[in-house]
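Novice: Please arrange chain B on chain A, whose structure you already have, making use of the hints.
So the sequences go chain by chain: A and B. Residues in the first sequence are numbered from 1 upward in steps of one, following this note's numbering. Residues in the second sequence are numbered from 1 upward in steps of one, following this note's numbering.
These aren't lab readings, by the way, just hints derived from the structure by calculation.
The following label-pair restraints were derived from C-beta to C-beta distances:
#1 B:A46 with A:R210: 29 to 35 Å
#2 B:Q55 with A:E90: 31 to 37 Å
#3 B:A94 with A:E90: 35 to 41 Å
#4 B:G180 with A:V423: 29 to 35 Å
#5 A:P400 with B:E484: 56 to 62 Å
#6 B:P98 with A:D363: 21 to 27 Å
#7 B:A46 with A:D409: 33 to 39 Å
Where a beta carbon is used, it is the ideal one built from N, C-alpha and C, also for glycine.
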Amino acid sequence: MSGVGILEAPGADCAPVLRERGQREVFCGLTGIVWLHRKVQDAFFLVVGSRTCAHLLQSAAGVMIFAEPRFATAIIEERDLAGMADCHEELDRVVDRLLARRPEIRTLFLVGSCPSEVIKLDLSKAAERLGTKHAGRTRILNYSGSGIETTFTEGEDACLASLVPEMPVAASGEGPSLLLVGSLPDIVEDQFLRLFAELGIENIGCLPARAVADLPAVGTNTRILLAQPFLGETLSALTGRGAVHLPAPFPFGAEGTTGWLKAAADAFGLDDMQFNRVIAPGRERAKRALERQRERLDGKRISFLPDSQLEIPLARFLATECGMVPVEVGTPYLHRSILADELPQLPRGTRISEGQDVDKQLDRVRADQPDLTVCGLGLANPLEAEGLSTKWAIELVFSPIHGFDQAGDLAELFARPLRRRDVLQV
Amino acid sequence: MRVATAMEGMHYVLHAPQGDTYADLLFTMIERRGKRPPVTYTTFQARDLGKDTAQLFQDAARHALERFEPQALLVGASCTAELIQDDPAGLAEAMRLPVPVVPLELPSYQRKECWGASETFYQIVRTLADRDITPRGDSVALANILGPTALGFRHRDDVREVRAILETLGIEVNLVAPLGASPADIARIGAADFNVVLYPETGDEAARWLERTFHQPAIRTVPIGIGATEEFIRGVAALAGVDPEPALADDQSRMPWWSRSVDSTYLTGKRVFIFGDATHAVAAARIAHEELGFEVCGLGCYNREFARDVRAAAQQYGVDPLITDDHLEVEEAIAAAQPELVLGTQMERHIAKRLGLPCAVISSPVHVQDFPARHSPQMGFEGANVIFDTWVHPLVMGLEEHLLTMFRDDFEFSDDAGASHLHAHAPKRTLAQPIALEPVMGGSLWTDEAEAELKKIPFFVRGKARRNTELFAANEGRAQIDLETLYDAKAHYAR
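If we strip away everything but chain A, and leave its shape as in the complex, we get (with noise of 0.2 Å):
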């Protein structure tokens, strides 16, 4: 169940990292369609699986369910699983039904589970066929969200990943183009357009983008800027489509956002006095608001547990501004390539794992004692219950936190759990 070994992975970094396989208390990659379906506005997604995932998006989404929102979950029922011509039968019944009551759709994402793909239900020749169907009104995509492929922001690689075939040809006369990568909150993508805009760099695009039907074009002159770690996927489908991806850190944090930003500059043949001149007062700003918070985090230990790979660039940025000291870094996977810039900024002796096997991490983690500990929320209770302090992860995912505006409340989410535990006193 569980095979341990410490890998010397070749690198500049050379960390030693943890590989466990076990029992592993993650999300699977169905929850992606939670924040998806709020950026993407003119898509639905339907989730081809059994009432475990609708009620996991039921648990997830919260009071959203209520709101009519943009996904679903045709459920597979016992005589489903008989024949799988009925299945595709049942699925065109459902699809057509679907979108007879919501003509506004124009993007119909059918998302794979565990037991779609355990019965081996075809998404993709039902997306095809479904396709040429409603052609002209409604594009139809498929991409897997199951647990067995995927782990919880994996779904948004995957959900982007379907979208690259889609995307235009570049016109091979045009300039060089950015390309922003990764779903971002709206106030958030506003803030870098507006600070590429200033830097000179116009021709920007961003997947994905508000809406499907805007999708940006890509071609070799397409350089790729990716604000998640997350997308290894997405990232190998552009570059196939001939863009470069342009290493950064990613833009935690003023010297991260600073960095990130930087690793565009450069491609774009921007000089370092313009750059500085217009990043310097978000820069400054940023810094500001980390003081105040450097407080409260400075000298503390902090754990990461697996959940979305926003770990490690998280922990550098917690490190390297705040002064806090990670002890394990626990990722559910470890893209070397995409974190070149982040993983020799971890401080010596980070213990970095990927993968997990939870009840020996746990005994780590007790064993530790760090002062604040980054989990689900099937753990952070039964941790505050051992005395442990924690800080659910899925915040992290749910809240706007990149960027030079966002710097201080990304270090206040860490900050708060410390503070309240200073300030009860029941």
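Specialist: For chain B alone, coordinates are given in the frame of chain A:
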């Protein structure tokens, strides 16, 4: 999981893909448990499919035994694992484990949560009960309390109330199960003289088996409401051969007087729509009808297995029973019934909010606020007190109702101000336009004068007034709704 988590010393090994562990947080967050549920998931992934998964299951079971040292093991498969055809029961048996193993067959493509909990509890009792231990037949009666689980709506406090009743009657409790029971406790379940089935949804299957095996009779009256509690006390006293009076004389019962006081007169005939699990829905209907003087205008449940009771009750109150698990259907029924109060689950709360109706929660599924810190049972006399407060609170109070009518043009009482305590965080009323407000006959049939008059009617009955008037106009074949039509309709529907 609700059964395993309720128990002590039991561990559940669930064959399930990565991601299914989300269910843990229902217990750690909604019920705020300070411990992880005693469940080990195999969390298989795509690369494990094939022979690997069976091995994965056996390893998980072995590790769970070593780490948690449970007295017994539950083994089962999730919906996905059901499809890959590893047989957890067979696999566990082949391992010759040193503790009893309770295999579960839960057909997830046919059945749902309540059935799963009931079946799980039944299998546990059947496997673990020691058949050599039989009713002790002592002069002091001994009872089992069956049905309460983890994630149950107010189960914690209901158990406390029912225990107190039994104690007052001089009846001893053999065990409460599954909530708080260990496999060792379950082994001596046969010692009780009779069973108290608090929640038929989870406890009745096991109770019926106990009836056959140990000849333990069961009391199935669910003591929710004053009348039902008194019946329950008499029933239990009869089974135990004791005098019911000490329990009946409980002076903590304030609900009957609260309901009789003149303050409550305005509650008379309020139309109430009730939906939830069958047990709570039927109990709520009886309280609404007999103890609060409401009019039941809709009654339904989502669990088909217990629909018979709901059908019978619906017939008694002269409404069509609504048996469905489709919340859109419930929403339609509520909109059509035009109730003044909705009693339901979390789902009905959201529906009521959207329709701008007052609502109280009476049944699972519920959210975190319905696992309160304070003592708030539904059962027994204290339960009736809690129910009175909970149901009446969301209604616009009688005096406020008058004020709204008398001073409706004053700014504090204008529509935008809303009722003082009626879901303060609801979206602005423009967003919450009730579905039922769509004109029956289409287009604007209303004269400006009639429309203006309609606006003078307090908002919480305006929807009904508009609907009734339009129906009336349609039936009478009137092409236009003027003042006269409005008041003719009012006279027609006056009750």
